Amino acid sequence: MHAAKYHKPASVADAVAALSGAEDGKVLAGGQTLLPTMKQHLAAPSDLVDIRGIDGMSGVSASDGVITIGAATTHAEVAASSAVQEHIPALACLAAGIGDPAVRHMGTIGGSLANNDPAADYPAAVLGLGATVVTNAREISPEDFFEGMFATALDDDEIITAIRFPAPQASGYAKFRNPASRYAMTGVFVAQTGDGVRVAVTGAGDDGVFRHDGLEAALGADFSAGACDGVEISADGLLSDIHASAEYRANLIRQMAKRAVSGAT
Amino acid sequence: MSDGIGARVKRREDKRFITGKGKYTDDIRMDNQAYAAFVRSPHASARVTNIDASAALAMEGVVAVHTGPEMKEDGIGDIITGWAITSKDGSPMTCGVWNPMVTEFARYVGDAIAIVIADTQDLARIAAEAVEVTYEELPACVNPADALKDGAPQVHGNVPGNLIFDWEVGDEAAADEGLAKATHVTEIDLINNRLSPNAIEPRSAVAIFDDAEDHYTLYSTSQNPHVARLVLSAFYNVAPEHKLRVIAPDVGGGFGSKIYIYPEEIACLWASMKTKRSVKWTAQRTESFMTDAHARDHVTKARMGFDADGKITGFKIDTIANIGAYVSLFATATPTYLYGTLASGVYDIPGIYCNVKAVHTNTAPVDAYRGAGRPEATYMIERLIEMSARQLGMDPAELRRKNFIREFPYQTPVILQYDSGDFDACLDKAQALADVAGFPARKAEAAARGKLRGIGYSTFIEACGIAPSAAVGSLGSAVGLWESAEVRVNPVGTIEILTGCHSHGQGHETTFCQLAAEKFGVPIDNVKLVHGDTDAVQFGMGTYGSRSGPVGMSAVMKALEKVEAKVKKIAAHQLEASEDDIVIEGGEVSVAGTDKKMAWHEVGLAAYIAHNLPEGMEPGLKEGSFFDPVNFSFPSGCFICEVEVDPDTGETEIVQFVSADDFGVIINPMIVEGQVHGGVTQGIGQALTECVVYDESGQLVTGSYMDYTMPRADNVPSFKVEHSSTPSPTNPLGIKGCGEAGAIGSPPAVINAITDAIGTDNLQMPATPQAVWMALQSAQTSMAAE
Amino acid sequence: MTQVSITVNGKASSRDIPDTMLLSDFLREELRLTGTHIGCDTSQCGACVVHVNGKAVKSCTALAVSLDGAEVTTVEGLANGELHPMQAAFNEHHGLQCGFCTPGMIMSGIDMVNRYKAEGRTLDEAAIRHELEGNICRCTGYHNIVKAIGDAAAKM
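Chains as they are written, first to last, in my numbering: chain A, 2 to 266; chain B, -3 to 782; chain C, -1 to 154.
Possibly wrong hints are sitting among the right ones.
Straight-line distance between alpha carbons at most 20 Å, and here's what the computed EDC-like set of lysine to aspartate or glutamate pairs gives [claimed, not checked]:
1) K6(B) to D14(C)
2) K6(A) to D14(C)
3) K11(B) to E74(C)
FYI, nobody ran anything at the bench for these hints, they're computed from the structure. Just so you know, these numbers come straight off a predicted model, no measurement behind them.
From just these sequences and the hints, can you work out the full model?
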């Protein structure tokens, strides 16, 4: 890969300063996507700012029905967190299904969200649960945070520090893996919240993660797998590639929604 | 003897691998090591009009950039093909010239344009991107079915219509007659999906030029270092054979893809001479996907006719085989003499005709990969048989039995003469193992869970250990396909076996030594295998085509027999007995019926001390053999696969897979079973997950594991493997070969099971979830329409 | 260049290395521990798996410089006078053929057994196959790898 300068700041302020001072700086949070991209010369940042040495950047806490997860918390840690398992078991389950065991030991929630891969799992949970993305500068709602494939509302020198998940009444996640990459070819997160049912779909949309109004309405009226059957799920705006056409993905949205609802706790 | 033939001896090579001490090519690093990277064509078809390496050369640490025209100027030869095919009209095949690096036209994405040498691997790769190549883009021909059409872009100027050859085998009139009198004809249109072999060790080369000695050494990920040396020497003009040593150290899987001598090895040797540096190149996985020879890629129409009793009356096949941009070493043999000649399968068919048109396209070269031609033949035959059973309303096993060949030798209408086999026995065994009788209950139980359960058969035969040399020569092979061996008994009685075969996962360091343990009763720890180094072993043809057992081990056995004869002579002389009375057993050489004996090592010592040898005998105890079989060997078997399909998503789970093989005599059942597991999994990969995809412009879409679906542990079940053996009569050990059967027989078993489950035969490989779901949707749509 | 100190197989190693050097290159090129292999560019084949601070990690997808002070175990560091039970099981059950993916398989196998034991979960065949999602083998069809890991789990 191309040369880059490595920084390991001890504070958020130092990290922001390192990013601001870099010609083309990138946050290194787990590197499970960034490093392969660099190895293939698809990215060549001038500086890498490793946020894993910053105090308070990783870990899970729960208070008043809100689960706060530090940005540098690994997928394995989220999956194993008793707080997450207790309050949002679907999120623990989602984390336990990202990548493979070795990837889960290194990959982090903040890294995944900042990258906003259209086939990543976490965006579905963040949007599905209406979580808040906390950065060094502000708090961002999921509707504002995700701006399409690999695009987010983050400024160049803005760093995610934590994500705040309100615990739902019930939630579930089901994904159909891309047979080759094992990323979500279609993943559906359903949540029953105080504000109604939220359904977020990842892996399928050609503009990244999205909410599905039809499924939300149907499940709002009847939170059962059967309720998904009558919903019209259009293939418009869905991804199409060698593994799955838009039509097939539309079918997977329905099937994964049913599984997510059936498994919701 | 516990370590002899038939023993489940644990592998003796394992320790270095499980402790991380294996020595693969990329593990080798010389003192003056430089690293190579290749500039590769990003276009499927283009004329290279300019190469500007100035920016790359200006980088600190970049040693050199060399191009195809320079290579040509230095007299490096073009890449050869090892098998000349004659078209049905008697004309020789025509194929395009393959320059190791592009001299003017780039013909597939990945075609090498220039080699960049630098002090580090990272730098070589970065500098390669800084080489500015000017391309004039040309239209590309990508799809084999389109290659023969009027107006298709021409891949090579000297190959009109992209047609390399138009070959036939069999008797067209007999096939037509059989089909004409048939009461039922089953027709099929098949695509045999293009695959990438994907040994997990990427290809790698370390080329070392010794200026003082005017000598080259090449460490290479090769299945056949001697063939590599021969070709590099005789055709590519790198160096004469005595000045070129090729070593294939530990090699991390091959499956055929490491038979060939690729442009990269040639370029590294040449660059090593030019730069006076040792040059190492190791492929990145994306490079492997681009440049390792691909496999299969057939488009086939076939028709099989049956009489009212279910007996096959005729079989006619039309295949277009995609050879890719250049004709790789065995690319032409694969879709002809390893394909059409297998068209009889395990069935007695009076008339067979197979026509194969081989075409160039602007894609990577296609060549032999585990099974090579035989999987394509087996898939076609076994899908046709299963479909026919469904159309005729017959049990698929019974239809097979009705047509099985039962008398041997059996002359097929397509050249081959089968020497042995018992297809009923394999089918019986597999049916028992699969509990076929219990299938309806299992299907009903699955249905209650919302799953579609299906069962599929494959009864197959294949041809291994291609031979004899004179016969393959008459069919167009440029080489003989014998194998050599040398057995050296040291003065202390320990034994070294030298073979021209190469082990890259097959466990030869264990199984070849079992032969000596069997023959002489010596402990296997006193036997060692030497292979993979042209300085150590005189010559050999390498390992592919399941030949190491039937051909390579036979050569060892012949050499062992010669050693045995000399040992008996020495012992008879020293023990004052008749040679005929000498018995070698349990590490002792004794006179039958007496207490006169010598320890095994005493005979070795006597041979070398040579104080008391029979009159006229030369000292020493070393014998060699070149074994050229009289025929192919013919492994056969039956696979039965059971699947459950989720109708909601089209996802297939293989819930049971049984195998009953006839490999003839088995040297080490543990290793043979491992070969079956691996081969079947590669076949399952072809059936369910794997496909190389190029887009319309010839860009490779499946360039990494993100898009090319390798079978993983959760894609396959544990297998039930048993054997039903009839020894091969054509080699001294009775071995038939076991390396490829799994990959040859399994794809149709899997697809037949899925099509049984979903109730439609309208399905091509790979049967991905999407493909199966779509097949289900269209079946439902057409049912609704009826 | 940055100075990094990593303890590999119990032995401290300090080196001045480029910031972008991968852990796999640190092991293979700096320490010449070539048992850790590279089989892909996209973190999927798993031939490079080692343990960092006791957890399985893909060494081709970690910067050595970010692991200053870490404890790394590679396949070369498992045998302690005698083979680790996982290594022995791979030999016993013919869990390897060409041997190239084997170091990663063994390291992942040990990691999964450790985690399942710590969590009190049962590592059955389905679990082993699921846990091997990040390790690709082209030779064995996984059959004997699964058997070997299951057997080693009983002995670890």
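Hints, verified against the model:
1. K6(B) to D14(C): The hint is violated at about 43 Å.
2. K6(A) to D14(C): It holds: about 14 Å lies between the C-alpha atoms, which stays within 20 Å.
3. K11(B) to E74(C): At roughly 11 Å apart (the allowed maximum being 20 Å), E74(C) and K11(B) satisfy the hint.
Checked against the numbered hints above, the structure violates only hint 1.
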